[in-house]
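Colleague: The sequence shown lines up with residues 562 to 857 when you count with this note's numbering.
A hint or two may mislead.
Pairs of lysine-lysine, DSS-like flavour, derived with a Cα cap of 30 angstroms [as the list claims (entries may be wrong)]:
| no. | residue 1 | residue 2 |
| --- | --- | --- |
| 1 | K728 | K752 |
| 2 | K728 | K851 |
| 3 | K731 | K752 |
| 4 | K752 | K851 |
| 5 | K844 | K731 |
| 6 | K821 | K731 |
| 7 | K821 | K844 |
Here are the in silico distance ranges between beta carbons for each label pair [as the list claims (entries may be wrong)]:
| no. | residue 1 | residue 2 | range |
| --- | --- | --- | --- |
| 8 | N695 | Y776 | 18 to 24 angstroms |
| 9 | G620 | V675 | 14 to 20 angstroms |
| 10 | L718 | I838 | 30 to 36 angstroms |
| 11 | Q778 | R734 | 36 to 42 angstroms |
| 12 | Q778 | F843 | 50 to 56 angstroms |
| 13 | I668 | N751 | 18 to 24 angstroms |
| 14 | F823 | R648 | 26 to 32 angstroms |
| 15 | I839 | L782 | 25 to 31 angstroms |
| 16 | Q566 | V675 | 40 to 46 angstroms |
| 17 | Q778 | F823 | 23 to 29 angstroms |
If you're looking for bench data, these hints aren't it; they were derived computationally from the structure. The model shown is predicted, which means the values in this text are computed figures rather than measured ones. Ideal Cβ placement from N, Cα and C applies to all residues, glycine included.
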Amino acid sequence: MIVLQQLINGLSLGSIYALIALGYTMVYGIVLLINFAHGDILMVGAYTAFFVLSAIGAGPLGMLLAFVVSMIVCASLGVTIERFAYRPLRASPRLNSLITAIAISLILENGARVLPFIGPNPRQFPRPAVININILDELSISNIQVIVIILSALLMLALNYIVNYTKRGKAMRAVSFDLQAASLMGISANKIISFTFALGSVLAAAGGVLYASAYPQVNPLMGMMPGLKAFVAAVLGGIGSIPGAMLGGFILGIAETFTKGFISSQFSDAISFSILIIVLLFKPTGILGKKARIKV
Numbered sequence: 562m563i564v565l566q567q568l569i570n571g572l573s574l575g576s577i578y579a580l581i582a583l584g585y586t587m588v589y590g591i592v593l594l595i596n597f598a599h600g601d602i603l604m605v606g607a608y609t610a611f612f613v614l615s616a617i618g619a620g621p622l623g624m625l626l627a628f629v630v631s632m633i634v635c636a637s638l639g640v641t642i643e644r645f646a647y648r649p650l651r652a653s654p655r656l657n658s659l660i661t662a663i664a665i666s667l668i669l670e671n672g673a674r675v676l677p678f679i680g681p682n683p684r685q686f687p688r689p690a691v692i693n694i695n696i697l698d699e700l701s702i703s704n705i706q707v708i709v710i711i712l713s714a715l716l717m718l719a720l721n722y723i724v725n726y727t728k729r730g731k732a733m734r735a736v737s738f739d740l741q742a743a744s745l746m747g748i749s750a751n752k753i754i755s756f757t758f759a760l761g762s763v764l765a766a767a768g769g770v771l772y773a774s775a776y777p778q779v780n781p782l783m784g785m786m787p788g789l790k791a792f793v794a795a796v797l798g799g800i801g802s803i804p805g806a807m808l809g810g811f812i813l814g815i816a817e818t819f820t821k822g823f824i825s826s827q828f829s830d831a832i833s834f835s836i837l838i839i840v841l842l843f844k845p846t847g848i849l850g851k852k853a854r855i856k857v
């Protein structure tokens, strides 16, 4: 029963990592950019939900409105960052874009710290009352965990549908395969890249609200560790692979909770990163990643 309990905890945490990792992997698949500001977009989504819930309460309607508003705000922020920070550097060396991504991350973190309505101090996140459901007296699952797992699964299914069964998703796959050829075929690469940033930011917003609901505290630096873990999950599953990001998120979440439950919470981060190193030693492209041939 203890194993099952930790498995449920791991699935809940892994669902959040998977949602955030999808944003990393989609952006990398389209423009070969590691968007290190992605974790801070999660923070913006969590704070947006915090202000909505503080104003109208953490009931079902409040939570729904918090999700919607945070997704809209983060999608707008993601598109703005892409348009003014990354697009002018698209033809530049990748190092320039990487440094810019780190700069955007620092601007979001420190900008939030100096804003008077946010500030540097942590705040308690409003969330619905926690109801624990006991199964066979030894296994317990909370309503928050149920919400996290179900909503994450629905968002992943929605993303899978968009990418594989819609016209915009087909254009995303075309741009990912060959940006120049897709442009010659009449696809607006700029619009598709902006859409990809918006979609990834929507998932980061959802991940931020769910993360703040599971661990009810918000602060300007809250996106650093989940963002880093999600990046590790994306690389673990195979950066650029959407199923790989999902798989990597679940593996990382389960490994982390099992380490905390059976070894020590002090080793959870070390073991998570050690799994990444071990996998990359034997499969450098990640679990579901594919080798890319580069013609010279």
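Colleague: Measure nothing beyond the straight line between the CA atoms of K821 and K731; if it is 30 angstroms or shorter, mark the hint as holding.
Modeller: The hint is violated at about 41 angstroms.
Colleague: For a C-alpha distance cap of 30 angstroms, please report whether K752 and K851 respect it.
Modeller: holds, 27 angstroms
Colleague: Can the suggested window of 30 to 36 angstroms be confirmed for the beta-carbon pair L718 and I838?
Modeller: With a Cβ separation near 32 angstroms, L718 and I838 satisfy 30 to 36 angstroms, so the hint holds.
Colleague: With a cut-off of 30 angstroms on the C-alpha distance, tell me whether K821 and K844 pass.
Modeller: Roughly 27 angstroms between the alpha carbons, so the hint for K821 and K844 holds.
Colleague: Starting from the hint 18 to 24 angstroms, judge whether the C-beta atoms of I668 and N751 obey it.
Modeller: Holds - the Cβ-Cβ distance for I668 and N751, about 23 angstroms, lies within 18 to 24 angstroms.
Colleague: When you take the CB atoms of G620 and V675, is the distance between them in 14 to 20 angstroms?
Modeller: At 32 angstroms between Cβs, range violated.
Colleague: So the hint says 23 to 29 angstroms: do the beta-carbon atoms of Q778 and F823 match that?
Modeller: holds, 26 angstroms
Colleague: If I claimed the Cβ atoms of N695 and Y776 lie 18 to 24 angstroms apart, would that claim hold in this structure?
Modeller: Between N695 and Y776, where Cβ atoms are some 22 angstroms apart, the hint holds.
Colleague: Are Q566 and V675 spaced within 40 to 46 angstroms by their CB atoms?
Modeller: The hint (40 to 46 angstroms, Cβ to Cβ) holds, given that Q566 and V675 are roughly 42 angstroms apart.
Colleague: With respect to the beta-carbon atoms only, verify the hint that I839 and L782 lie 25 to 31 angstroms apart.
Modeller: holds, 29 angstroms
Colleague: May I ask you to test the hint 36 to 42 angstroms on the CB atoms belonging to Q778 and R734?
Modeller: holds, 39 angstroms
Colleague: With 50 to 56 angstroms as the target window, see if Q778 and F843 comply at their CB atoms.
Modeller: violated, 38 angstroms
When each numbered hint is compared with the structure, violations occur for hints 6, 9, 12 and 14.
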